[in-house]
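Asks: Next come the chains, spelled out residue by residue.
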Amino acid sequence: MNAVNTWRRVLIGASVLALLVAAGSAPVLAQQLGSFCVPALKSADGAQIYAHICQGCHMPGGKGAVGAGHYPALAGDRALSSASFVALTVLNGRRNMPRFARRADAGEFYFALPVLSDAQVAAVTNYVRTHFGNHYRGKITAAEVKALPR
Amino acid sequence: MGEGTIGMSMSRRQLLRMIGMTAGGAAMYQAMSSLGFAAGSGYAGPPRLSGAPKGSSVLILGAGIAGMVAAYELRKAGYKVKVLEYNARAGGRNWSLRGGDRYTELGGATQECRFDPGLYINPGPWRLPYHHQGILGYCKLLGVQLESFVQVNYNAWLHSSQAFGGKPQRFRAIRADYHGHVAELLAKATQASKLDAHVTREDQEKLLASLREWGALDKNYAYVKGDSSSSRRGYDKDPGGGLAARPVLSEPLRLSDLLGSGLWGALALGDLYEFQTTLFQPVGGMGVIGQAFARELGALIRYNAKVVDIHQDEHGVRATFEDTTAPGSRQSVRADWCVCTIPLSILGQIPMNVGAPMAAAIAAVPYAPAVKLGLQFKRRFWEQDEQIYGGISYTDLPISTIGYPSTGYHGSGKGVLLGGYVWGVDAMEFTAMTPQQRVARAVEYGSRIHPQYPAEFDNGVAVAWHRSPFSMGCFGMWTEATRAQHYDNLCRFDGRIVLAGEHASYLPAWQEGAVTSALDAIGRLHQRAVAGGTPA
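First to last, the protein sequences are chains A and B.
Per my numbering, the very first residue in the first sequence carries number 1314; after that it's consecutive.
Per my numbering, the very first residue in the second sequence carries number 391; after that it's consecutive.
These are calculated hints, taken from the structure and not from any lab test.
Please read all numbers here as calculations on a predicted model, not as lab measurements.
C-beta: ideal position from N, C-alpha, C; glycine also.
Mixed in with the good hints there might be a few duds.
If we take Cβ atoms under 10 Å as the criterion, some of the chain B residues that face chain A in the derived model are [what the hints assert, rightly or not]: (1) Tyr476; (2) Ala478; (3) Val697; (4) Pro733; (5) Met823; (6) Arg857; (7) Gly863; (8) Met867; (9) Glu870; (10) Ala871.
For reference, chain A alone in the conformation it holds in the complex (with noise of 0.2 Å):
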């Protein structure tokens, strides 16, 4: 819901990308090319999510990957047994992993970060938790989402 609102927020920066869309005008063409995010970002569901944010770093299949450090494997990570735990991550971030709720500082940037609503963090949680050979019981609400500290 607010990834548009995340651009007009990007004022600060003097790129010309930032303006543009602050200037009003939504990226059609961009959506016509077949990107993804900021255009259709605000009505995506937690495969589309996925696909499109997550697995840039956690690989398609939740594979994870391992370099000099490592992105974890979400497929069979038990930690997804917590479907709080991973909201809470999604919502605030965890190390080098970025915050998906919105962010107060998110003027500060001169580029536009991606934030999800409730409902999506629910979608994208249970998406993870119900794929990559994953079978974990118990979806999140949007509700019990809005209820998590951040």
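Assemble chain B onto chain A, guided by the hints.
Replies: Structure of chain B alone, referenced to chain A:
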């Protein structure tokens, strides 16, 4: 990594502007000096460390710019130095991809760069401001030749998919028209006595004269089609020689179209301190700096060494590492002190016995998402067809940037563009794609600005920084709040360990931040070592 500093240094800039408005120029200059602004990056020349305690040793983790500056200076001061580097090459994010190079990103996708000889792309930093005297000093010291990097090109494009029918506009025309219209408005306000409360009558005459000059106004203080405006914004047909010499003047854009386009948003980029002329680039690619350091340090650097544990006690520091060519192997190195330059994105995952303040600081800084694309084309059409020699076009499309090479002008062979510098949410999406998808997408977007793209495209590479096995992100994304809470704790010594790198600087993403943080860290290390005598 360039634009990285725009947002980060804004608060300081805002502060300075506020001081300038309320207290005048002298106070502003004083404030600037005390903030280290007017005086440059804080680099005070090469350090003159000497007299390392006999037999004392330093372990340096990471052979990027910070680590290699530290190694170079500490060796010179008499320390026994060892450097551990994860990659099979030195430089870290100082890096150029050239034809024949292979790059495997996290997840396993391998790209083979197929650029022609002499062509390259810098996935990381690509420009050196003249006031970054630290990194420039090491270029000089190491014999790294420099050439000019063109930031502002008046003939490059500003593009909005939503304005002027998606037709890109020349930077020159947008700039001239913006200045011209603003100057005309101010002149009108002045002549209508709307500024009487702010400007004396005598100064109003001077203001009007200056507005005519600055905005290319005509004798009536109007910004209109004429010799004056065309001499700034360019001509429909340029003046030449002979019978067909006569220029054809161009028509300025209307103010409302200009304002609505948002293209004015890119006009001041080149006015930013970091982007002001003169900028430099190393001849042959930014990676030449890292290669020069590596030659200088030789066998001091142990490559393919993945640090898996860092442990200190009261006498020294031991790093345990895996030789990545022999997976599962374990070796360790011990020294009296440790300068750790491993990016926080990775360091936060390595067991290290430091106190809570430094540990919390390491965990507090996520890394910025960014993706760079290098696209090779069959010919330098931007020069041949559009007379764009170096510089940057900006667009509202997710690629944001098209950078033209500031070298090899008029080359008759192929050429490589920076085909995109993608940020934030767009970078996350590009990162989630395969390298081939990223390149295809960049070609698709870029063709909206350069219709030659589809016919002339040859091959490309895409570096998504969060998929980089050695940095897992582009640069440390500090905020005012995290700096206030954690920055000093990140930079302070913890026992025998000190951190350095762009993440331990107020110059995020800039190599100068790596240089100045390394020099600051080793200066403090040397003081401690000398004060403490030879550690056991």
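Asks: Indicate, hint by hint, whether the structure satisfies it.
Replies: Structure-based check of all given hints:
Hint status for Tyr476/B: holds, given a least beta-carbon distance of 4 Å to chain A, under 10 Å. Evaluation of the Ala478/B hint against chain A yields a violated restraint, the C-beta minimum of about 12 Å exceeding 10 Å. Annotation: interface hint on Val697/B holds; nearest CB of chain A at approximately 8 Å, less than 10 Å. Interface restraint check for Pro733/B: the shortest CB-CB distance to chain A comes to about 8 Å, inside 10 Å, so the restraint holds.
Taking 10 Å as the C-beta contact cut-off toward chain A, the hint placing Met823/B at the interface holds, the least distance being around 8 Å. Interface restraint check: Arg857/B against chain A, minimum CB-CB distance 7 Å, threshold 10 Å, status holds. Here the hint on Gly863/B is kept, as its CB sits about 6 Å from the closest CB of chain A, short of 10 Å. Of the supplied interface hints, the one on Met867/B holds, with its beta-carbon coming within about 7 Å of a beta-carbon of chain A, less than 10 Å.
For Glu870/B, the shortest C-beta to C-beta distance to chain A is roughly 6 Å, which falls under 10 Å, so the interface hint holds. Against a cut-off of 10 Å between C-beta atoms, the interface hint on Ala871/B holds, since the closest Cβ of chain A lies about 6 Å away.
Checked against the numbered hints given earlier, this structure breaks only hint 2.
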